[in-house]
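Visitor: The primary structure of each chain is shown beneath.
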Amino acid sequence: PTAPARAADKVTFGTNWVAQAEHGGFYQAFADGTYAKYGLNVTILPGGPQANNRLLLPVGKIDFYMGGNMLQAISSVVEEIPTQVVAAMFQKDPQVLIAHPDVTAFEQLKTRTLFISKEGLASYYQWLVDAYGFSEDQVKPYTFNAAPFLVDKNSAMQGYITSEPYAVEQQGGFKPTLFLLADYGFQTYATTIETRNELVKQNPDLVQRFVDASIIGWYNYLYGDNAKANALIKQDNPEITDAMIAFTIARMKEYGIVDSGDTASLGIGAMTDARMKGFYDTMVKAKVLEPGIDIAKSYTLQFVNKGVGKELAPK
Amino acid sequence: MRVPGMNAATLDLLPRAEADGAPLLRLSGVGKRFANGVTALEGLDMAVREGEFVSLLGPSGCGKSTALRLIAGLTEPSEGRLDWDEDETARRGRERHSIGFVFQDPTLMPWASVFGNVHLPLKLAGVGRREAEPAIMEALELVGLAAFRDAYPRELSGGMKMRVSIARALVTKPRLLLMDEPFAALDEITRFKLNNDLLDVWRRLRCTIVFVTHSVFESVYLSSRILVFRARPGRVSAELVIDPNQPRDETFRTSPEYAGLCRETSLALARAMDAP
Amino acid sequence: MRVPGMNAATLDLLPRAEADGAPLLRLSGVGKRFANGVTALEGLDMAVREGEFVSLLGPSGCGKSTALRLIAGLTEPSEGRLDWDEDETARRGRERHSIGFVFQDPTLMPWASVFGNVHLPLKLAGVGRREAEPAIMEALELVGLAAFRDAYPRELSGGMKMRVSIARALVTKPRLLLMDEPFAALDEITRFKLNNDLLDVWRRLRCTIVFVTHSVFESVYLSSRILVFRARPGRVSAELVIDPNQPRDETFRTSPEYAGLCRETSLALARAMDAP
Amino acid sequence: MSTSPLRWLLPFGVLAALILAWAAVVKLNNLPPYVLPAPGKVLETLIEDRAVLFASMLVTLKTTVIALLLAVAGGAALALLFASARIVEFSLFPIAVILQVTPVIAVAPLMLIYLSTDAAVLVCAWIVAFFPVLSNTTLGLKSVDPNLRDLFRLSGATRWQTLAQLKLPTALPYFLGGLRIAGGLALIGAVVGEIAAGSAGQGSGLAFRIVESAYRLNIPRLFAALLLISLTGILIYAGLSLLSWLVLRRWHESELGGRA
Amino acid sequence: MSTSPLRWLLPFGVLAALILAWAAVVKLNNLPPYVLPAPGKVLETLIEDRAVLFASMLVTLKTTVIALLLAVAGGAALALLFASARIVEFSLFPIAVILQVTPVIAVAPLMLIYLSTDAAVLVCAWIVAFFPVLSNTTLGLKSVDPNLRDLFRLSGATRWQTLAQLKLPTALPYFLGGLRIAGGLALIGAVVGEIAAGSAGQGSGLAFRIVESAYRLNIPRLFAALLLISLTGILIYAGLSLLSWLVLRRWHESELGGRA
Ligand SMILES: Nc1ncnc2c1ncn2[C@@H]1O[C@H](COP(=O)(O)OP(=O)(O)OP(=O)(O)O)[C@@H](O)[C@H]1O
Ligand SMILES: Nc1ncnc2c1ncn2[C@@H]1O[C@H](COP(=O)(O)OP(=O)(O)OP(=O)(O)O)[C@@H](O)[C@H]1O
Ligand SMILES: [Mg+2]
Ligand SMILES: [Mg+2]
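Residue numbers (the working numbering), protein chains in the order written: chain W, 2 to 316; chain V, 2 to 277; chain Y, 2 to 277; chain X, 42 to 301; chain S, 42 to 301.
To be clear, the hints were calculated from the coordinates, so they are not data collected in a lab.
A hint or two may mislead.
As the list claims (entries may be wrong) - Below, a list of computed lysine-lysine pairs in the DSSO-like style, where the Cα atoms sit at most 30 Å apart: (1) Lys176(W) <-> Lys68(S); (2) Lys82(S) <-> Lys154(W); (3) Lys311(W) <-> Lys11(W); (4) Lys68(X) <-> Lys62(W); (5) Lys174(V) <-> Lys194(V); (6) Lys62(W) <-> Lys82(X); (7) Lys235(W) <-> Lys82(S); (8) Lys62(W) <-> Lys103(S); (9) Lys194(Y) <-> Lys194(V); (10) Lys82(X) <-> Lys298(W); (11) Lys103(S) <-> Lys235(W); (12) Lys307(W) <-> Lys278(W).
Note that the coordinates shown come from a computational prediction; the quantities given were computed from them, not determined experimentally.
Make the full structure from the sequences, and use the hints.
Guide: Right, dumping it as structure tokens:
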């Protein structure tokens with residue numbers, strides 16, 4: 002497309018955690034000038050240990066927010082918060098249960114101590130209770146530190162498949178057994194792009210440009226030259242190492258976190274009504290969500306499923 | 002010039018006729034009951050006239066300090082009233098430091114030096130350190146503590162602390178001096194000297210002094226009038242008047258009149274002790 | 002029985018011959034310098050004999066309280082030595098309460114009632130409230146404060162606080178009583194009464210008393226020996242001995258011997274004031 | 042203490058004014074509930090969810106009270122130890138300071154390895170609350186009237202007697218001051234401890250309700266939980282102030298007010 | 042203050058003993074570094090990552106110092122306000138208590154809506170630190186010697202003079218005690234504030250290093266950060282104690298030690 006004549010639109014994108022490879026696509030679009038090409042002057046605002054940036058979206062301090070999974074998006078409908086999901090970068094939630102190598106079957110986890118965060122307990126764990134008969138009694142708090150899990154051989158813990166297993170492998174010196182919840186029926190999208198309803202209505206073009214550029218960023222991050230993006234990530238978060246980044250990217254590819262299923266036909270960012278409904282029904286059954294919520298308000302398919310950037314994927 | 006002219010009279014329980022001028026302040030039927038039920042004063046009638054040196058004498062715990070605090074306005078009577086001369090009230094509005102108070106305890110600020118403690122009332126009136134220094138040093142000189150100007154209260158002996166307190170009360174040259182046993186902790190020689198110094202101050206400043214003491218001798222030597230309080234609940238049980246023009250010096254102290262007055266006062270005190 | 006037998010002597014600067022028994026304690030060449038450089042005592046030589054009533058007299062700030070604190074072991078001499086009789090040291094090991102101390106300030110515990118304050122030394126010796134009550138009430142009776150047993154220190158007058166402090170020192174019937182101006186805040190009549198009561202206690206208990214006072218009269222009336230201190234740096238500048246068998250009563254107080262002794266003491270004090 | 046009704050009404054008046062101001066701010070700026078819910082809405086939520094919230098409050102309150110008791114015991118005991126000799130104080134105070142400044146959130150996982158969840162929460166709350174008691178009591182124990190100390194020495198008081206009958210009463214006003222600070226801190230400590238190391242799900246304290254409400258963006262409920270915490274804090278403070286008044290009213294200036 | 046070298050050596054001795062014990066525990070139980078790293082390893086990490094860690098420490102220290110200064114100003118100012126009249130104290134103290142017990146972690150996201158990140162962190166640290174100053178200063182202001190108060194009244198002292206020259210000096214030992222408590226709390230407050238509201242990534246404080254290290258299981262580095270926090274805490278405490286000694290040594294019992 003021809004370069005737009007007008008000045009680039011200033012937008013702020015808030016992530017939900019410190020800079021890491023899980024945000025790679027966005028950094029890629031920033032680093033390689035894709036956002037600029039789409040007439041956007043993007044500021045990436047990394048989140049902190051607490052999901053702080055969330056409330057900044059409805060009050061207009063940021064324009065786009067990297068949502069965790071669909072549960073929170075649906076909660077927004079319940080709480081009448083005027084935001085919605087406009088794209089889903091992860092087809093699978095990277096949420097994983099990490100167990101010691103002696104565990105081979107998902108069912109075995111029911112007898113283990115599980116380190117689960119409070120947020121996890123309020124969300125997917127309720128589904129585990131309902132669908133697999135897990136119990137709250139076996140839970141101990143997960144504080145984003147794997148040491149208790151490593152010490153207690155009879156335990157498992159939550160994590161992101163792209164992150165925690167790395168630390169466990171490095172420090173524990175063993176390859177843990179991983180159970181990706183998505184593969185066991187927790188079929189939410191993750192790492193979504195959320196924005197205000199008002200923006201969707203008044204400036205759909207801006208939203209479209211941001212979504213498209215981000216999707217292209219993700220294709221390039223996964224399949225192209227991601228050196229500049231990684232440098233940027235490391236600059237924002239000096240703690241991160243090349244090995245960690247490599248680990249994350251490998252896991253995202255291996256498990257098809259970003260690019261799998263519907264993306265083959267619809268492109269990265271894909272969402273479908275069917276999957277949304279299926280997820281909602283499961284959550285209602287698990288009593289994580291109440292019945293009767295108009296989930297259609299929580300997302301829109303207006304900006305995705307257009308196959309943008311598909312040509313960047315390896316054949 | 003020695004004048005024997007002494008004009009003493011014991012007017013038991015009778016307030017003295019007020020021929021010689023309106024009183025500076027007058028307590029009428031004053032009573033003071035504390036929260037714990039103790040009645041310190043009951044039916045106290047007394048007046049203080051301008052330029053007088055009045056001593057209060059009475060058994061321990063009879064309410065002398067309480068009476069002094071009432072006069073100073075530090076506590077309110079539970080009964081009766083306290084009236085000030087109108088001129089005085091007006092003047093009070095204009096001047097600060099109209100009252101100097103020597104508490105029964107030294108009541109020094111532990112965080113300030115001797116100099117700082119004596120400076121306090123002047124400082125509160127806005128007189129700076131430099132400006133106040135001559136007056137402060139004069140007061141310290143008077144009580145013999147000039148050498149200790151930089152010492153802190155905890156480094157002083159009991160009598161020295163009390164002397165700082167006296168210096169502090171004198172430094173502002175107040176028009177009314179209320180002193181609660183100021184010399185009790187002092188040796189006799191220092192005490193005699195300070196007695197004379199106080200009389201000197203009284204005469205020079207023409208101020209009014211209300212003075213609590215336990216020493217009959219001191220009260221006779223110093224005062225122009227002595228009020229003897231009876232035991233709790235306190236009130237005036239006897240009054241003695243001494244000619245204020247009588248020069249006070251060693252000759253007076255050894256005179257038979259002095260001895261007679263002392264005996265009389267002692268007797269009044271003894272009678273006050275077992276008043277009903 | 003009135004005996005004129007009085008055995009007064011002014012032995013300026015000379016320690017008295019010790020014919021009548023080994024001293025209970027002896028200070029030899031004692032000096033005390035404080036951290037701020039003030040020398041309170043210098044070359045103090047004095048002894049206290051068993052069963053004596055010694056008064057210390059001297060100008061304000063000359064080191065009397067410091068000497069008392071040295072004797073009590075509350076502070077260490079910077080120079081010289083303090084020796085106790087060997088028997089006494091042994092006895093001290095067995096008994097508690099061998100020393101009763103009346104501080105110059107009342108030094109009461111603000112959180113305890115009058116009863117509780119007087120109870121303290123007994124309580125520290127393990128005597129319970131019930132058991133100690135008769136002794137406590139006797140001591141309070143003595144100082145005339147039985148009616149105030151449940152009052153708190155802040156509810157007392159200055160003299161009353163001091164009397165509580167005296168009762169506390171007496172309640173254990175100590176063998177050595179150190180008193181720092183105990184009666185300074187009391188009216189003369191209460192003071193006379195307590196003087197007599199103290200003498201009574203002294204005779205009954207056969208205890209030793211070291212007594213700081215500013216009253217020449219009081220020192221002469223009470224003591225068997227008077228030590229006059231000179232001004233800072235303090236040391237003994239005069240010693241007066243009074244026959245302990247002389248009965249102390251109103252007749253003694255009005256006797257010419259008494260007047261003579263007082264005059265002599267006053268003179269010694271005056272000389273001590275401007276000692277070099 | 043004056044018994045004028047004003048004395049008791051005014052604090053409520055001020056609180057009421059504050060709540061009205063809050064309501065006005067919400068109304069005038071047309072703030073949505075997820076930014077700042079109106080007080081009415083918070084109250085509504087509180088009443089609606091009372092079963093869950095009060096149950097959680099009891100859990101947190103229990104932790105707070107136990108932590109406070111332990112903080113009092115620990116802080117006072119350490120203060121006594123420190124008071125025994127200047128050198129002990131000097132040697133051990135750095136360790137107490139280290140304990141005080143250790144961020145509970147950082148060490149919670151370590152505690153979870155060796156302690157049960159409840160114990161870990163308690164330790165967190167304790168760490169936060171003990172220091173004011175320790176520090177103030179130490180200060181109090183050192184502020185003994187030197188004359189009274191001499192008196193005790195002369196009366197042949199044992200170390201223990203001097204402690205119990207002289208140093209402790211002297212330290213009492215300071216200790217009670219420290220206690221009033223520790224009361225609130227024990228409560229925050231309990232909440233932080235719950236966040237850092239606490240169990241979640243059913244039967245858990247207010248912290249979980251807060252995290253859960255935040256996760257679900259149910260801000261009115263978050264405020265209802267905060268309201269309960271504030272109420273608990275005020276109750277604890279009022280209780281400790283009353284205790285202080287009962288203990289000191291007969292003798293300490295701070296509770297006597299001006300003399301008549 | 043005794044100048045014996047023991048006085049200065051012993052605390053270090055105790056700390057050394059503690060570190061040795063720590064090393065022994067690690068060695069004997071063969072603890073892996075992710076549970077409890079050996080002190081040597083922590084030191085190694087500290088030296089290795091000094092650039093990052095010290096930069097972070099400076100950030101945290103800056104927040105702490107500013108928060109402490111604001112806590113002192115705010116706490117003391119409130120205390121003065123409260124001291125002006127019993128009724129003011131009674132009306133406003135509940136609000137101060139509410140502030141004290143509000144869990145910073147819960148309200149930080151709300152603060153971020155209206156405040157910049159740095160300001161939000163500061164407010165968090167301030168909230169945690171101001172209460173001890175307020176509470177202790179209030180107690181001190183109320184502990185004035187009644188006789189001295191009378192003296193000031195008689196001397197016609199204005200409200201302001203009584204405050205500046207009587208109440209403040211009386212409150213000083215209490216205030217300094219509160220300050221010593223607040224020093225450590227400001228540090229924890231800064232850390233908690235950073236966790237709750239802080240920016241992450243470059244140029245951020247020690248809290249972020251801790252969270253990030255924990256997440257990455259780089260526990261030696263976490264301990265190195267904790268060590269720096271402890272050191273900072275001890276330094277702050279020592280500084281405040283020194284201040285206290287300098288100010289009070291000439292007259293207050295607590296800094297005089299026993300009299301000779
Ligand atoms: N704050 C108080 N609360 C209760 N009672 C008090 C208070 N202050 C004084 N009293 C009582 O009032 C009485 C008179 O006290 P006051 O101090 O006036 O006596 P005083 O004549 O000065 O005695 P002294 O010569 O011993 O100083 C005493 O019995 C005392 O117990
Ligand atoms: N803690 C101290 N630090 C420094 N100097 C002190 C200390 N205590 C006392 N002094 C000084 O020692 C000297 C003697 O004090 P001491 O209290 O023994 O006097 P005293 O004879 O009892 O006087 P008074 O009759 O006034 O009570 C005084 O000059 C005093 O300034
Ligand atoms: Mg009095
Ligand atoms: Mg003395």
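Visitor: Does each hint hold? Answer for all of them.
Guide: Hints and how they fare:
no.: 1; hint: Lys176(W) <-> Lys68(S); in the structure: 26 Å, holds
no.: 2; hint: Lys82(S) <-> Lys154(W); in the structure: 25 Å, holds
no.: 3; hint: Lys311(W) <-> Lys11(W); in the structure: 27 Å, holds
no.: 4; hint: Lys68(X) <-> Lys62(W); in the structure: 21 Å, holds
no.: 5; hint: Lys174(V) <-> Lys194(V); in the structure: 19 Å, holds
no.: 6; hint: Lys62(W) <-> Lys82(X); in the structure: 25 Å, holds
no.: 7; hint: Lys235(W) <-> Lys82(S); in the structure: 25 Å, holds
no.: 8; hint: Lys62(W) <-> Lys103(S); in the structure: 27 Å, holds
no.: 9; hint: Lys194(Y) <-> Lys194(V); in the structure: 29 Å, holds
no.: 10; hint: Lys82(X) <-> Lys298(W); in the structure: 24 Å, holds
no.: 11; hint: Lys103(S) <-> Lys235(W); in the structure: 25 Å, holds
no.: 12; hint: Lys307(W) <-> Lys278(W); in the structure: 21 Å, holds
Violated hints for the displayed structure: none, as all numbered hints are satisfied.
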